[in-house]
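Protein chains in written order, with the numbering used here: chain R, 294 to 510; chain F, 62 to 342.
Worth flagging that the hints you see were computed from the coordinates, not collected in a lab.
Accuracy of the hints is not assured; some may be wrong.
To be verified - Computed footprint of chain R on chain F; a stretch qualifies when at least three of its residues, placed anywhere within it, have a C-beta under 8 Å from a C-beta of chain R: (1) 122 to 132; (2) 150 to 157; (3) 183 to 194; (4) 304 to 314.
Stated by the list, open to error - Covered stretches of chain R (in silico footprint by chain F; criterion: 3 or more residues with CB under 8 Å from a CB of chain F, positions within the stretch not fixed): (5) 368 to 376; (6) 404 to 416; (7) 438 to 446.
Note that CB positions come from ideal geometry on N, CA and C, so glycine has one too.
So you can see what is in the structure, the chains are spelled out below.
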Amino acid sequence: MNRIWICAVVAVSAAAVGFASISAASPSPDSHALYASARVGDPAPGFTLTDTKGQTHSLSEYAGKYVVLEWTNHQCPYVAAQYRSGNMQAVQKWAVDHHVVWLTVVSSAPGSQGYVTPEQGEALLKTQHSFATAKLLDPDGTVGHAYGAKTTPDMMVIDPKGVLIYSGAIDDKASTDDADLKTAHNYVKAALEEAMNGEAVKVPTSQPFGCSVKYAH
Amino acid sequence: MIATVFIAMQASHPAGQGASSGVIQLVSAVSSIKAGQPFDVGIRLEPAQGWHTYWMNPGDSGGPTSVEWHLPKGWVKGPIEWPAPERIETSGIVSYGYEKPAMLVETITPPATLPSKGTVELKGRVKWLTCTPEMCRPADGDFHLKLAITAGTPVENPQWHDKIAEEASLIPRPLVADGLQARIEGKEIVLTITAQGPLFDKPGKPYFFPDSPGMVSHSMPQSYSFTATGMVARLPISEYTTKPPTRLAGVLKAPPGDEFAGQGAAVTINVPISNSQEKKS
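Turn these sequences into a full structure, and let the hints guide you.
This is the structure:
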């Protein structure tokens with residue numbers, strides 16, 4: 294596409310994304326507090342959350358299985374690139390085919406980018422062709438903060454004993470460009486494969502990249 | 062000539078649509094250029110009220126602005142020179158970037174031989190990510206700078222020459238000190254700076270911005286103590302690494318309103334880290 298050279302300010306285009314004000318009903322944690330982060334090698338914090346179908350999921354019910362937690366915000370460009378390129382779905386499919394429980398978590402506060410109602414979240418699972426076991430709703434950010442989830446996509450892998458064995462970026466590219474993702478090394482898949490083979494996870498943590506989780510603040 | 066261009070930024074993702082998140086301007090210090098004579102250009106980032114954009118290391122979230130030049134053969138561009146960032150905290154997540162207008166500076170060098178007159182068009186593309194605490198929005202835009210070629214003295218761009226020179230003078234440069242040492246102690250990197258006298262005029266809190274992830278934690282608190290001849294900084298090792306970092310590199314910012322004597326409000330640090338714990342064992 295040929296863009297035209299202009300010497301005038303052009304605003305970034307029109308039409309607001311469905312964007313309401315921040316809900317005053319959400320609990321408002323002290324924005325200066327440092328939240329406890331789950332550390333690799335430690336037991337993963339327990340939780341119970343409701344999914345987009347209205348069913349509850351507790352970490353404890355998945356004891357004996359590998360569990361992946363994927364923080365998401367479908368409007369975040371880094372998340373969008375993962376789904377647009379098919380990268381995220383490919384790893385999800387590989388994981389669930391290997392009996393891994395894949396839980397996508399939405400910690401966006403009501404009114405913030407990525408927040409979804411149960412119906413919207415359910416519809417997205419279909420339009421994104423997600424292979425996730427369930428999409429969990431965490432609008433007050435309790436579980437996100439318990440894990441120290443910083444970005445979308447921030448990824449955590451929990452082993453069958455309930456120990457956190459990976460925390461961080463989904464891959465080594467930190468890009469919103471589909472072309473980069475073709476050659477990305479996926480840390481989540483690598484961690485699962487190594488752990489399933491009884492090997493030490495080579496990269497047990499990495500700086501997560503993406504949009505900040507849009508917590509209530 | 063077009064030595065100052067506003068870049069028409071287009072949302073590069075459907076979620077990026079909405080009111081403007083800010084403006085990017087490409088500005089040249091000169092409106093005419095001469096063969097072999099380097100000149101500076103500024104990429105002026107002006108996030109809209111409430112929005113911010115990101116430093117070379119974006120911290121816990123976000124992504125750096127990128128500038129891709131499509132220069133004619135024989136032309137050379139220098140690296141982006143980044144002004145010292147701000148620490149931007151939301152819900153315990155600490156990002157590094159700019160909430161106020163900021164200018165990235167690049168030096169462009171024309172080839173040694175050029176026609177003695179005419180014009181040259183320099184093209185490229187800028188990508189940036191802007192965020193508020195509630196949302197992020199990526200955008201990109203092409204630019205096209207049109208400059209006259211001269212055989213004589215290049216003409217300054219009156220609107221921007223002095224401003225670019227001022228911004229370039231504020232880019233952090235390596236700290237000059239009597240001593241500069243970094244070592245690991247437990248879960249911290251301890252940086253010791255030795256100088257001829259006190260480092261700052263009044264008590265206050267400096268801040269160290271690591272220039273890449275996996276070195277110093279972006280969100281855990283740093284602590285500083287001062288002596289009559291310098292300062293000791295205790296910087297928590299990144300929570301996202303399992304290997305002790307071997308180099309401390311980044312920007313150290315003086316306490317607000319203060320500066321490193323004669324060296325500006327921010328300096329760069331780039332020192333190897335000795336692992337004293339390994340030496341003991």
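Results of checking the hints against the structure:
Chain R is given as covering the stretch 122 to 132 of chain F, and this holds because 3 residues of the stretch bring a CB closer than 8 Å to a CB of that chain, at least three being needed. As drawn, the stretch 150 to 157 of chain F meets chain R at 6 residues by the rule of a beta-carbon pair under 8 Å; at three or more, the given contact holds. Counting residues of the stretch 183 to 194 of chain F whose beta carbon lies closer than 8 Å to any beta carbon of chain R gives 3, which reaches the threshold of three, so the coverage claim holds. Here's how the stretch 304 to 314 of chain F fares: 0 of its residues keep a CB closer than 8 Å to some CB of chain R, so the rule of at least three is not met and the hint is violated.
Check result for the stretch 368 to 376 of chain R against chain F: holds, 5 residues qualifying (beta carbon to beta carbon below 8 Å, three or more required). Counting residues of the stretch 404 to 416 of chain R whose CB lies closer than 8 Å to any CB of chain F gives 3, which reaches the minimum of 3, so the coverage claim holds. With 4 residues carrying a beta carbon less than 8 Å from a beta carbon of chain F, the stretch 438 to 446 of chain R meets the three-residue requirement, and the given coverage holds.
Checked against the numbered hints given earlier, the structure breaks only hint 4 and satisfies all the rest.
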